[in-house]
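Q: Now for the letters of each chain:
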Amino acid sequence: SAVISQKPSRDICQRGTSLTIQCQVDSQVTMMFWYRQQPGQSLTLIATANQGSEATYESGFVIDKFPISRPNLTFSTLTVSNMSPEDSSIYLCSVEETGEAHGYTFGSGTRLTVV
Amino acid sequence: LAKTTQPISMDSYEGQEVNITCSHNNIATNDYITWYQQFPSQGPRFIIQGYKTKVTNEVASLFIPADRKSSTLSLPRVSLSDTAVYYCLVGYNAGNMLTFGGGTRLMVKP
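Here the protein sequences come in this chain order: A and B.
So in this note's numbering, spot 31 of the first sequence is number 31, and the numbers just go up one at a time.
Numbers in this note's numbering are just positions in the second sequence, counted from 1, shifted up by 115.
Only true hints are included.
Computed Cβ-Cβ distance ranges for the label pairs, DEER-style: (1) B:Tyr166 <-> A:Glu86: 36 to 42 Å; (2) A:Ser18 <-> B:Val170: 42 to 48 Å; (3) B:Asp182 <-> A:Ser108: 34 to 40 Å.
Everything labelled a hint here was simulated from the structure, so no lab data went into it.
Since we're looking at a predicted model, the values are computed, not measured.
From the three backbone atoms N, C-alpha and C, an ideal C-beta is built for every residue, glycine too.
Modelling step: build the complete structure from the supplied sequences, incorporating the hints.
A: Here it is as structure tokens:
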């Protein structure tokens with residue numbers, strides 16, 4: 001299965017600033033996904049990122065707040081812009097596995113705290 | 116999108132078999148059923164996937180009745196390290212397999 005490296009693993013940021021999270025995959029993948037997981041909660045999909053096209057955002061998430069880049073088939077970034085304490089969460093990237101199983105592999109996440 | 120319903124939490128003891136049932140009444144014909152495990156401070160990890168009947172791997176078994184409106188994840192002889200949140204997802208294509216329900220928080224006690 002794919003191996004995902006996500007950076008940074010954690011950060012503490014001042015409100016009003018922005019943080020860019022990087023997701024690197026060890027193989028080429030068509031689709032990459034970004035999730036948010038608030039403390040003690042389940043995962044919520046933010047957006048789907050295909051290489052060469054604009055990301056598709058889920059209801060409640062907008063590009064101005066969470067701009068995404070997908071410059072190639074192994075890399076993506078998610079920026080959390082103009083942060084507030086409500087943005088404190090774990091952010092995870094994920095890729096779809098190819099092959100027989102219709103499953104997904106997740107990075108270990110970025111724990112963001114906004115103060 | 117197929118909605119899933121799972122118990123919020125379960126307790127068990129080391130060495131016991133744990134069965135977690137997930138309801139998915141509006142599962143579509145092409146949908147697969149996939150279970151993930153998540154430890155604190157980690158991303159979810161794929162455990163097992165099935166379409167119908169029974170699937171077994173080195174970690175778990177997945178039982179799916181003929182109507183496919185539910186599924187049961189079976190963990191044999193759990194240990195303390197199986198304490199985690201378990202998520203049931205239903206879907207086929209990227210874009211409809213990505214809706215996580217609340218998950219089941221399993222606590223294994225000594």
